[in-house]
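**Q** Listed in order, the protein sequences are those of chains A and B. First residue of the first sequence: 4, per the numbering used here; consecutive thereafter. First residue of the second sequence: 6, per the numbering used here; consecutive thereafter.
Check before you lean on any hint, since a few could be wrong.
Here are the simulated DSSO-like pairs of lysine-lysine, each with C-alpha atoms no more than 27 Å apart in a straight line [stated by the list, open to error]: (1) B/103 x A/91; (2) A/111 x A/91; (3) B/45 x A/111.
The set of hints was computed from the structure by calculation and includes no laboratory data.
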Amino acid sequence: SAMGVAGPNSDLVNFSEYISKNFALYQLSNDGIQLSTAAQANFCRNELAAALRKGPYQVNILLGGYDKKTSSGSLYWMDYLAALTKLKYGAQGYASNFCLSIMDRDYKEGLTQDEAVQIVEKCIQELKVRFLLNQSNFLIKVIDKDGVRVVKFGADPADN
Amino acid sequence: MSILEYNGAAIIGMAGKNCVGIASDNRLGAQIQTVATDFKKVFSMDDKLYVGLAGLASDVQTMHNLLKFRQNLYELREERSVSPKVFSNLLSSLLYEKRFGPYFIEPVVAGLDEKNEPFLSAMDLIGAPSYHEDFVVSGTATANMLGMCETLYKPDMEPEELFETLSQALLASVDRDSLSGWGAVVHIVTKDGVITRELKGRQD
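One chain only, chain A, in its complex shape (with noise of 0.2 Å):
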C-alpha cells in the first residue's frame, strides 16, 4: 500500500514515518504477515485521534492499498483531524476542489488501470490549466498484486 501525506513537513515526515515503520514491525513480529488495507487505515485514524488532543499533527492523508485477500484495491481519506472514510475515488487540499468534479464525472466501476491513470492526468491537465500555483511536476503511482511502482515521473522544471 501507499500513503499520500498532505501538511507541515515537520509533521508529515514525522508522522508517515511513525506509521510506515510501525507497519514495518508488524511484518516483522508476525511472521511477515502484512496489514490488511483496512487494519493500516483504522490503525492510522488511531493514531491520529490520539494525537488529536496531546500533540496534533496537521496531516491530511489518502491512503491506498490492494489485499491479496479479497483481490481488490480500496482507498481510504483521512482529514488531520482524524475523520476516516473509503472512497471510491479522493482529493485532499485544493485539488479537490478541481479534481472532485472530473472523478464525479468519469469515475464508473471497474475501470482498468489505464483508464484510471488517464482520469488522474485529466485531473493533472485541469490543475494546471485553471489552479493559480504552476505546479508542472506531478509524480503518479499505481498499487497492484506486484506492489507499489511509479508510473510517471514528471519531468525535472529545471531542465525546460
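Please arrange chain B on chain A, whose structure you already have, making use of the hints.
**A** Okay, now just chain B, sitting in the frame of chain A:
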C-alpha cells in the same frame, strides 16, 4: 464556524408501540464540501440497542470505538447485556469525564429495555442527558427536525407507520440544511428484530 457543525449530521430517534426507530443522514463534509455520501453515524451496539452520534466525525468514530470497548468490558464483568438506560448513563459519564476538553459529539440513544418498552435519550457534548417518551433529535438541523417531529409524531405507532413518520421527518428536515443529507438510513427496532432501510432523498 462551530466545531460541531464542521462535518454535518442529522439524527432522529422516535418511539412507537413496543418499537423504536433511529435514523441518520449519510453525509460527511468538510464545511461546504462533501467528502463522502455513505458515512455511518448510527451504530448497533446490540440487537435492541442503537446509538446515533452527531458532531465532529473524528470524535464520532473515536466514541464508537470507546463505547464498543466499554460495552465489552461491562458484558465481560456483568455477564449480561447492557440495558439502554445503563448504556446511556455510561455514555453520559464518558462525556463528562472530558468536561474541560470534551468530545464534540451530541449523541442519541435508542433501544428497547428488558420489557421491550422503548427507551430514548439525548445528550449534549458534556453528557447532560434528557429522556423523552416521544422523539429525540441531534445534529445540524435540530430546529428543522424538532418542527417536523412535533408535527408528524403521534403516540403508539406500529413499526410500519413509525418508519414512514421517521423517514418523512428526517428527509424534510435535511432538505433545508446544507450540511446534512445525501440520503438516509433508518433502523426500526422491534422485539422480533430490526429492519434497516436506506432512503434515497435529494442527493445534494
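**Q** Indicate, hint by hint, whether the structure satisfies it.
**A** Structure-based check of all given hints:
As the CA atoms of residue 103 of chain B and residue 91 of chain A are separated by approximately 35 Å, the hinted pair breaks the 27 Å bound. Note on residue 111 of chain A and residue 91 of chain A: the hinted pairing holds, with a Cα-Cα distance of about 9 Å set against a maximum of 27 Å. Under the criterion of a C-alpha separation no larger than 27 Å, the hint pairing residue 45 of chain B with residue 111 of chain A is consistent with the structure, at around 23 Å.
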